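Residue numbers (my numbering), protein chains in the order written: chain Y, 4 to 111; chain D, 4 to 111.
Keep in mind the hints are simulated off the structure, nothing from the lab.
Remember, predicted model here, so these are calculated numbers, not experimental data.
Some hints could be false.
A pair holds if it fits inside one copy or across any two, identical chains being indistinguishable in the list.
Claimed, not checked - Simulated crosslink set (SDA-like; lysine to any residue; CA at most 25 Å straight-line):
(1) Lys19 with Ile76
(2) Lys19 with Ala74
(3) Lys19 with Glu70
(4) Lys19 with Asp82
(5) Lys19 with Tyr77
(6) Lys19 with Pro39
(7) Lys19 with Arg72
(8) Lys19 with Phe75
There are 2 protein chains.
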Amino acid sequence: MDWKSCPAALLEPVFKALAEPSRLRILCALGTECRPVTDIIHATDLPQTNVSFHLRILREAGLVRAERRGAFIYYCLPDPELLAILQSLQLWVAAHDSLASTQDSGRY
Amino acid sequence: MDWKSCPAALLEPVFKALAEPSRLRILCALGTECRPVTDIIHATDLPQTNVSFHLRILREAGLVRAERRGAFIYYCLPDPELLAILQSLQLWVAAHDSLASTQDSGRY
DNA sequence: GCTACATATGTATGTGTGCTCATACTACGC
DNA sequence: GCGTAGTATGAGCACACATACATATGTAGC
Chain Y
4 MDWKSCPAAL LEPVFKALAE PSRLRILCAL GTECRPVTDI IHATDLPQTN
54 VSFHLRILRE AGLVRAERRG AFIYYCLPDP ELLAILQSLQ LWVAAHDSLA
104 STQDSGRY
Chain D
4 MDWKSCPAAL LEPVFKALAE PSRLRILCAL GTECRPVTDI IHATDLPQTN
54 VSFHLRILRE AGLVRAERRG AFIYYCLPDP ELLAILQSLQ LWVAAHDSLA
104 STQDSGRY
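Build the full structure now, drawing on both the sequences and the hints.
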């Protein structure tokens, strides 16, 4: 990464949005498809007001797109490439998790 | 991403660790090199105890590696691939930020 | 317009977490 | 061993944020 131009300000809201279990569950529930809020509520088993709250944060972080269809509002990921990036990060973490468990990440 | 196996539990600690401005600054200060804590303190202009606190979180999230060299403890990123992944995410965010500003991400 | 449904917003509260201070640990040089 | 530099830990405080409840907005059908 171009750490010289330290993208902290740019990436921070995205990481903040991703750092919540409920929001990750919502993204999981979304998958690659577009779904109305009701579907997400059922899939995640979270209260409606809670889902709506988190969807707003994800929306403002640019991680989901909202699209009105009649009385329903469909939410979807804005770009399949986002999935690819997150997947590579997931793979990296998984690979390093098994390494880390054999190493010393304790105190000094 | 394989959202079927919902990697929330795996990714959450990583995102939590990345969701802090101070920690992102520390990672920026680290760059691709290994540096002792003192260097990081000067680079980030954060108090020593604070840097140490965040380094621990980054260490436990597997985002930095600690290595003792005499009286110093050097910290570095565990893997250059991590940089690549974060960079692609950064690029994605940057690209979608410019789009988002032209779109409606407000309330419904 | 009224009712019903889908979704969003506002307020209050409790918990988590970052920051600061003081202090303790570790390694090196004398 | 002692002092010093480098680094880590622990306690206390303040603030941000996730949750829950009540309520408002918007859309469709009658």
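- prompt: Looking back at the numbered hints, which does the structure fail to meet, lowest number first?
  reply: The structure breaks hints 2, 7, 8; every other hint is satisfied.
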